[in-house]
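Please work from the sequences and hints to get the whole structure.
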Amino acid sequence: MNDKDFEKIVNSTKKIVLSAIGKYLPVRFFYAIDDVAQETYFRSYKSLVRDQLRDKSTLNSWLYTIAKNESLRMAKKLIKEEEKIKKAIEKQKIENFHFIENKDVHEVEELKYLLEKLPLRYSFVLKLYSLGLSEKEIAQKLDIKIGTVKSRASRGRELMRKYKSIEMEPN
Amino acid sequence: MQNKYHQHITSEELKKKENSHEWSYQIAKQVLNRRRKKRKYSAFASSAVLSLFLGIFILFYLNSNNFSEESKLEQLFSLQVEETYKEVFHTEKSSNVESIFINGVDSIIDETLSMRD
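Top line first, the protein sequences correspond to chains X and S.
Number 33 in numbering that gives the first Met the number 0 belongs to position 34 of the first sequence; there are no gaps in the numbering.
Number 61 in numbering that gives the first Met the number 0 belongs to position 62 of the second sequence; there are no gaps in the numbering.
Just so you know, the hints here were simulated from the structure itself, not pulled from any lab data.
Don't take each hint at face value.
What the hints assert, rightly or not - Computed cross-link-like contacts, BS3-like style, restricted to lysine-lysine with a CA-CA straight-line distance of at most 25 Å:
1. Lys75/X - Lys3/S
2. Lys90/X - Lys135/X
3. Lys3/S - Lys55/X
4. Lys3/S - Lys163/X
5. Lys79/X - Lys3/S
Said to hold, decoys possible - Far from chain X, some chain S residues (derived; all Cβ distances over 10 Å):
6. Ile8
7. Ala27
8. Ser41
9. Phe43
10. Ser46
11. Ala47
12. Gln79
13. Val80
14. Glu81
15. Glu82
16. Thr83
17. Tyr84
18. Ser106
19. Ile108
20. Glu110
Said to hold, decoys possible - Ranges between beta-carbon positions, derived for each pair:
21. Phe59/S - Asp54/X: 45 to 55 Å
22. Glu81/X - Leu61/S: 52 to 62 Å
23. Ser41/S - Thr147/X: 23 to 33 Å
Just so it is clear, CB atoms sit at the ideal spot from N, CA and C, and this is done for glycine as well.
Written as structure tokens, this is what we have:
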């Protein structure tokens, strides 16, 4: 089976998978939606390819259950990761952010506010950056790869911009 | 409050992904890549296990073959020694020459008995 054929299967079933993810993955872990979807299709690949002609409603409920289980599994994993980060935060005792030295007070408060709203995996990396730690040091502290530190920092900044735009949206 | 952002982003992301063909393509591509990697890995692992077993088998075979060769050699050696011994013993006996070899247990017993008398 090539990419195109499988893409068709994904296209025709993604609604059911995404609805299960939306329901069972806690909203604070929105950044893991793609991972859960990928895992769901990876696990169900064989059956999806083999049972293309199976009754659609059975296929949908089966896929929904896999997506639900994967969402719950991912949530468990991310909760563990959060706990690990919380412990690292306690150790670090971050109080001041140096990366906002040149900003005015208003902006500083806003940045602090938005930073606190970020999921821990992003906010902690940005806070450590603000303390002047290098990417290597952050990676060692969190026991992750340097590439992950970079991507979390950039995703964190991107999310802060997004939060700002949400904040500016009329209710 | 934090929930407000996350709720907003989650529903926005889900909607975006639901309508995006690019997303389906990316997911399909990643899944197939993972499957190809997994297949490659399992093929590599099974061939490694197979060659390990083959290696162990060959070693075992060579070793056991060596042992049998050794025992055959030993047998041959002891046979040769026996033959040589017999030959020397026979020659000495027939030519009535005193030998370093003991002529037999019977003669020792006879000698001992005569000493008692």
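- prompt: Is Glu110/S truly not at the interface, in the sense that its beta carbon sits beyond 10 Å from all beta carbons of chain X?
  reply: holds (91 Å)
field: Nearest-CB test (10 Å) between chain X and Gln79/S
entry: Fine: 68 Å to the nearest Cβ keeps Gln79/S off the interface.
message: So Glu81/S supposedly isn't at the interface. Is its beta-carbon more than 10 Å from every beta-carbon in chain X?
response: holds (70 Å)
- prompt: Straight-line Cα separation of Lys3/S and Lys55/X no greater than 25 Å?
  reply: Violated - the C-alpha atoms of Lys55/X and Lys3/S are around 35 Å apart, more than 25 Å.
message: Over 10 Å from every CB of chain X: does Ser41/S meet that, or does the non-interface label fail?
response: holds (14 Å)
query: Given a hinted range of 23 to 33 Å, is it respected by the beta-carbon distance of Ser41/S and Thr147/X?
result: holds (27 Å)
task: Compute the least Cβ-Cβ separation between Ile108/S and chain X, then decide whether it is above 10 Å.
output: holds (87 Å)
- request: With 10 Å as the threshold, tell me whether Val80/S passes as away from chain X on beta-carbon distances.
  value: holds (70 Å)
Straight-line alpha-carbon gap Lys79/X to Lys3/S, limit 25 Å: Status holds; Cα separation ~23 Å.
field: Claimed clearance of chain X by Ser106/S, with the beta carbon kept past 10 Å
entry: holds (89 Å)
task: Please settle this one: Ser46/S was flagged as non-interface, so is its CB more than 10 Å from every CB on chain X?
output: holds (22 Å)
field: Consistency of the no-contact label for Ala27/S, given chain X and a CB cut of 10 Å
entry: violated (4 Å)
Consistency with the previously given hints fails for numbers 3, 6 and 7, ordered from lowest to highest.
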